[in-house]
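Protein chains in written order, with the numbering used here: chain Z, 1 to 387; chain X, 388 to 774.
A couple of the hints might just be wrong.
As the list claims (entries may be wrong) - Pairwise CB distance ranges, derived in the manner of DEER restraints:
1. X:Lys578 / Z:Asp125: 52 to 58 angstroms
2. Z:Asn142 / X:Lys610: 22 to 28 angstroms
3. Z:Glu317 / X:Glu409: 30 to 36 angstroms
4. X:Glu498 / Z:Asn142: 20 to 26 angstroms
5. Z:Glu111 / X:Ala486: 30 to 36 angstroms
6. X:Lys610 / Z:Glu317: 39 to 45 angstroms
7. X:Ala486 / Z:Glu163: 52 to 58 angstroms
8. X:Asp452 / Z:Lys367: 35 to 41 angstroms
9. Z:Lys29 / X:Val508: 38 to 44 angstroms
10. Z:Lys136 / X:Glu695: 51 to 57 angstroms
To be clear, the hints were calculated from the coordinates, so they are not data collected in a lab. Don't be surprised by glycine CBs; every beta carbon is placed ideally from N, CA and C.
Protein chains: 2
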Amino acid sequence: MKKEIIFFDNASTTRIDNSVFEVMLPFLKDNYGNPSSLHDLGQNAAEAIESSRHYVAKLINSEDDEIYFTSCSSESNNMALWGIAKAYRDKGTHIITSAIEHYSILNPLKELKKEGFEVTVLPVDSYGFINLKDLKKAITKNTILISIMHANNEIGTIQNIKEIVKVSKEAGVVFHSDCTATAGIIPVDVKEIGFDCISFSAQQMYGPKGIAALFLKKGIKIKPLILGGVQERGRRAGTENVAGIVGFGQAAKIAKDNMSKDFERIKKLRDKLINEILKTINKVKLNGHPTQRLPGNVHLSFEYIEGESIILLLNYEGIAASSGSSCASHALKSSHVLSAIGVPPELANGSILFSLGKYNTIEEVDKVISVLPSIVEKLRKMSPLCK
Amino acid sequence: MKKEIIFFDNASTTRIDNSVFEVMLPFLKDNYGNPSSLHDLGQNAAEAIESSRHYVAKLINSEDDEIYFTSCSSESNNMALWGIAKAYRDKGTHIITSAIEHYSILNPLKELKKEGFEVTVLPVDSYGFINLKDLKKAITKNTILISIMHANNEIGTIQNIKEIVKVSKEAGVVFHSDCTATAGIIPVDVKEIGFDCISFSAQQMYGPKGIAALFLKKGIKIKPLILGGVQERGRRAGTENVAGIVGFGQAAKIAKDNMSKDFERIKKLRDKLINEILKTINKVKLNGHPTQRLPGNVHLSFEYIEGESIILLLNYEGIAASSGSSCASHALKSSHVLSAIGVPPELANGSILFSLGKYNTIEEVDKVISVLPSIVEKLRKMSPLCK
Numbered sequence: 001m002k003k004e005i006i007f008f009d010n011a012s013t014t015r016i017d018n019s020v021f022e023v024m025l026p027f028l029k030d031n032y033g034n035p036s037s038l039h040d041l042g043q044n045a046a047e048a049i050e051s052s053r054h055y056v057a058k059l060i061n062s063e064d065d066e067i068y069f070t071s072c073s074s075e076s077n078n079m080a081l082w083g084i085a086k087a088y089r090d091k092g093t094h095i096i097t098s099a100i101e102h103y104s105i106l107n108p109l110k111e112l113k114k115e116g117f118e119v120t121v122l123p124v125d126s127y128g129f130i131n132l133k134d135l136k137k138a139i140t141k142n143t144i145l146i147s148i149m150h151a152n153n154e155i156g157t158i159q160n161i162k163e164i165v166k167v168s169k170e171a172g173v174v175f176h177s178d179c180t181a182t183a184g185i186i187p188v189d190v191k192e193i194g195f196d197c198i199s200f201s202a203q204q205m206y207g208p209k210g211i212a213a214l215f216l217k218k219g220i221k222i223k224p225l226i227l228g229g230v231q232e233r234g235r236r237a238g239t240e241n242v243a244g245i246v247g248f249g250q251a252a253k254i255a256k257d258n259m260s261k262d263f264e265r266i267k268k269l270r271d272k273l274i275n276e277i278l279k280t281i282n283k284v285k286l287n288g289h290p291t292q293r294l295p296g297n298v299h300l301s302f303e304y305i306e307g308e309s310i311i312l313l314l315n316y317e318g319i320a321a322s323s324g325s326s327c328a329s330h331a332l333k334s335s336h337v338l339s340a341i342g343v344p345p346e347l348a349n350g351s352i353l354f355s356l357g358k359y360n361t362i363e364e365v366d367k368v369i370s371v372l373p374s375i376v377e378k379l380r381k382m383s384p385l386c387k
Numbered sequence: 388m389k390k391e392i393i394f395f396d397n398a399s400t401t402r403i404d405n406s407v408f409e410v411m412l413p414f415l416k417d418n419y420g421n422p423s424s425l426h427d428l429g430q431n432a433a434e435a436i437e438s439s440r441h442y443v444a445k446l447i448n449s450e451d452d453e454i455y456f457t458s459c460s461s462e463s464n465n466m467a468l469w470g471i472a473k474a475y476r477d478k479g480t481h482i483i484t485s486a487i488e489h490y491s492i493l494n495p496l497k498e499l500k501k502e503g504f505e506v507t508v509l510p511v512d513s514y515g516f517i518n519l520k521d522l523k524k525a526i527t528k529n530t531i532l533i534s535i536m537h538a539n540n541e542i543g544t545i546q547n548i549k550e551i552v553k554v555s556k557e558a559g560v561v562f563h564s565d566c567t568a569t570a571g572i573i574p575v576d577v578k579e580i581g582f583d584c585i586s587f588s589a590q591q592m593y594g595p596k597g598i599a600a601l602f603l604k605k606g607i608k609i610k611p612l613i614l615g616g617v618q619e620r621g622r623r624a625g626t627e628n629v630a631g632i633v634g635f636g637q638a639a640k641i642a643k644d645n646m647s648k649d650f651e652r653i654k655k656l657r658d659k660l661i662n663e664i665l666k667t668i669n670k671v672k673l674n675g676h677p678t679q680r681l682p683g684n685v686h687l688s689f690e691y692i693e694g695e696s697i698i699l700l701l702n703y704e705g706i707a708a709s710s711g712s713s714c715a716s717h718a719l720k721s722s723h724v725l726s727a728i729g730v731p732p733e734l735a736n737g738s739i740l741f742s743l744g745k746y747n748t749i750e751e752v753d754k755v756i757s758v759l760p761s762i763v764e765k766l767r768k769m770s771p772l773c774k
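Could you put together the complete structure from these sequences and hints?
If you want it as structure tokens, here you go:
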């Protein structure tokens, strides 16, 4: 149980930073008040939430009161889509998204279609980029919302988001972005980029699971997803996850402070891993754009073998990697993202994602480089597809 | 800061039990995997979730796979109402509830009305009981859902829930109950009572904030509130709050083991507090039923003075109490529950709730008894209403 694990699954979740853990502890022990209570214990919790909100806001350069805490990015995405769609329904019923969005975007949109909304799903090119011309053509007078992710969680491609937002602004359409894969990892400046609304979570930036946020620019209308008490200024009911919020605040603070340093270091590890694998193993394809990609993303498709088998043999060596989409991994479907960028199903099945984070070292990269070729060789020898 | 606090606000939230805190720690440190990941770290988390689900199910005597984890009782209530209403819309559009439900029931129902549903809000008597005849009369062929809380979080009245559910069953209508105030505190046996669906949370039973559950009986249909990945068997998307779930499991386990012992002890403290206050202070009314009430609930209305002022002076003495509804405390509205049981607004404004829990002692009760009369006297002297 206590073996050292090489954790290359940082796109699924991250190890909580020690300083995050430390600030959470008092709120799991003596500081247990309900932030809505008037007494000291309640007000201590309320103050801690507001101080955390400030750090979370600073990370993305928003105002404090543009941050709404939720329980996960999926909730933030659902809240954004349902809430904005319903709030702007009198203005129009058309929504635009892309083919490589997370299921917490695509599945609510399927439901919204059943409720009378019209949805355009933009295709992407072989790198995962949407085409600005496609976007321009898709916008009609009936368009009320565009939701395009900042970077893709599977293949790591970072969209040309500023240009995309610009087109949306010019058309006067509300723009939402799923920034789960980017906030805390690469700069997300909502003012500079011009986002109206973004989703992001703590667990992607060395914070705890169970806490996330929605940024909503002042003036943009939304209907709440969870109705009840007046928490989060009436936009998200429910007793606050105080310890989670405090952890998120600290995670946002250190992410802001260390982002550029971590970015450079992780990117070097990523590039070494990519280069060595492509050099030592044949019939393997790097998915996503070679440079305009998340600093820790190494998404590869190996011919003739199954990604799941690679993951299990890596696990045996103490290396944690993933098939790309943790949320879909129990669905036993091949990735809609790979399908959208034109990877044929048989190759898509041979995909794995190494996602590197700030705790990874060059020694860990070397270990993967040393064991992966023999794992692939072993599996290919067993494969009926490999002649 | 480090003064000893007498915490009589257990209806708002509770102190995390030490054993709950201990089981959560590994999942905030080394055991940080995403339960959807195939590697050991992911599978450790997945197993911990299933083991917790078992304890949560055992607490309410349900099957394990009838438990869905959510982020708070408000989410569970919204999920139940929206999800069941939408799933049964082809059968009918009428929903019945009571006037003293939590806002996370009443506010979603207001929205559902806008979407074409018809809602009957049953009145309650001066104790907070609904009338079975009213319920029977309200049920029509168009009725698809009845949502009545097990016990009221403010005035503590425990409904005659078995009789209510029986009426509902006979009419073949799906029955949901907000059991936030009862699960873990008094027995909630879903099979014995006959519930189809209940909401409850960890933070009410010495577990962490940010984690709750929905029980949904097999065969009852529901549409998810949060769509995306296939977590929680496709009914609640989003990466699981693993540490929270593990804490909930342990809280449910100890609640089940210690419930009857805690119940008796807390009830004695409650009755002493009620009796002494009624004896030593005049012009004060106990709200709710004198005996059929939550073991820790002491809800009182004092003539001529403001509940908020009492809370602030108690706070000065190191005693944490509440105005009754923490979720509404920032809304600056007087309680809809007190209004429903016929407490006039001027008396309702003088209300406070002492909610006792398992950590409270007889010495703490004595302390409140010793300081409260002079606080009330002082405030009454200042009150222009008190002649």
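Hints that the structure is at odds with (numbers, increasing)
Violated hints: none at all, because every hint is consistent with the structure.
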